[in-house]
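**Q** This is what each chain is made of:
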Amino acid sequence: MRRLFAGLPGPPALRVVIVVAALVVALIALFFLFEWAGDVLDTGGVVGPA
Amino acid sequence: MIGLGALILAFLGYQLVGTNFLTARSQDLAQQTVEEHFVAAQEEIEVVDTLPSSPVDDNGTTQQYPPADEPPVVHYREPKPEDGQAFGVMTIPKIEAEQVLFEGVDRATLKKGPGHMPWTPLPGQPGNAVVSGHRTTYGAPFFDLDQLQPGDEIYVETALGTHTYVVRDSFIVTPTAVEVTDPKRGAWLTLTTCNPKFSARERLIISAELVDGPNFAYALAEREFVPAAAS
Numbered sequence: 001m002r003r004l005f006a007g008l009p010g011p012p013a014l015r016v017v018i019v020v021a022a023l024v025v026a027l028i029a030l031f032f033l034f035e036w037a038g039d040v041l042d043t044g045g046v047v048g049p050a
Numbered sequence: 051m052i053g054l055g056a057l058i059l060a061f062l063g064y065q066l067v068g069t070n071f072l073t074a075r076s077q078d079l080a081q082q083t084v085e086e087h088f089v090a091a092q093e094e095i096e097v098v099d100t101l102p103s104s105p106v107d108d109n110g111t112t113q114q115y116p117p118a119d120e121p122p123v124v125h126y127r128e129p130k131p132e133d134g135q136a137f138g139v140m141t142i143p144k145i146e147a148e149q150v151l152f153e154g155v156d157r158a159t160l161k162k163g164p165g166h167m168p169w170t171p172l173p174g175q176p177g178n179a180v181v182s183g184h185r186t187t188y189g190a191p192f193f194d195l196d197q198l199q200p201g202d203e204i205y206v207e208t209a210l211g212t213h214t215y216v217v218r219d220s221f222i223v224t225p226t227a228v229e230v231t232d233p234k235r236g237a238w239l240t241l242t243t244c245n246p247k248f249s250a251r252e253r254l255i256i257s258a259e260l261v262d263g264p265n266f267a268y269a270l271a272e273r274e275f276v277p278a279a280a281s
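From first to last, the protein sequence lines are chains A and B.
Position one of the first sequence corresponds to residue 1 (the numbering used here), numbered consecutively onward.
Position one of the second sequence corresponds to residue 51 (the numbering used here), numbered consecutively onward.
Just so you know, these hints were derived from the structure itself, not from any lab.
Just so we're clear, the structure is a prediction, and the values are computed from it rather than from any experiment.
Note that the Cβ used here is the ideal one computed from N, Cα and C, for glycine as well.
You can take every hint at face value.
Covered stretches of chain B (chain A as the covering partner; in silico rule of three or more C-beta atoms under 8 Å from a C-beta of chain A): (1) 58-69; (2) 150-164; (3) 181-189; (4) 226-235; (5) 239-246.
Keeping only pairs whose Cα atoms sit at most 20 Å apart, straight-line, the calculated EDC-like set for lysine to aspartate or glutamate is: (6) Lys130(B) / Glu153(B); (7) Lys130(B) / Glu85(B); (8) Lys161(B) / Glu132(B); (9) Lys161(B) / Asp39(A); (10) Lys161(B) / Glu35(A); (11) Lys247(B) / Glu35(A); (12) Lys247(B) / Asp39(A); (13) Lys161(B) / Asp194(B).
Use the sequences and the hints to build the structure in full.
**A** Put into structure tokens, the structure is as follows:
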């Protein structure tokens, strides 16, 4: 993880910004993935065409 | 492997626990807005019909209903709620469930609580009112719906008043079995949810009949005397 951080371009402050931005994007992607996959457990019970 | 396990745990935690908090907050907020809706909608309740001056039964025989010395049977209608609006409260004593109902069955609406299919009559109205809800996520309002048996009561409070339903049947269908939403004579409430628990493979259907409420007499008279094609 430290090696990954060290491999990022720019000064340390910029690297921190990049890491934070990447984490935010990953969390948002994870949220939408969970929402989409949630239909496997429970779609809300609506009946209708597939 | 550890990362994958953590991801699955996070997924289950979010779906089975985290979403419940989101829905609980929506339900708390809706408790107030539904009261406001009741007050506003009660001013717009209208008498749609008085039934029937000279009804005919299924055999085409003219009937006198209600008897001449009784008041006419009245059909009351409340204004249609807007999409996503909280419009009623459903209580199911058997499973200790009390849920604010919302108009619509889109994903966003069902995250707030059980939703009413907009193309079916509102609960308390003649016909077949259909309400869908989550079984295991987003507050799991219908988690114990499989415990309902014929004879169990369901109460729905709307701007019009309290409508009492009694469960007549429960059964399981495929997710595409739209026939459960078909119109019916009389006044019915159909609840739909995912089945089995933690799977969306099937739908559990609860069918309940109106036995008391502002439109009960009208629904009864309509069921007995008005040909289905005319209802």
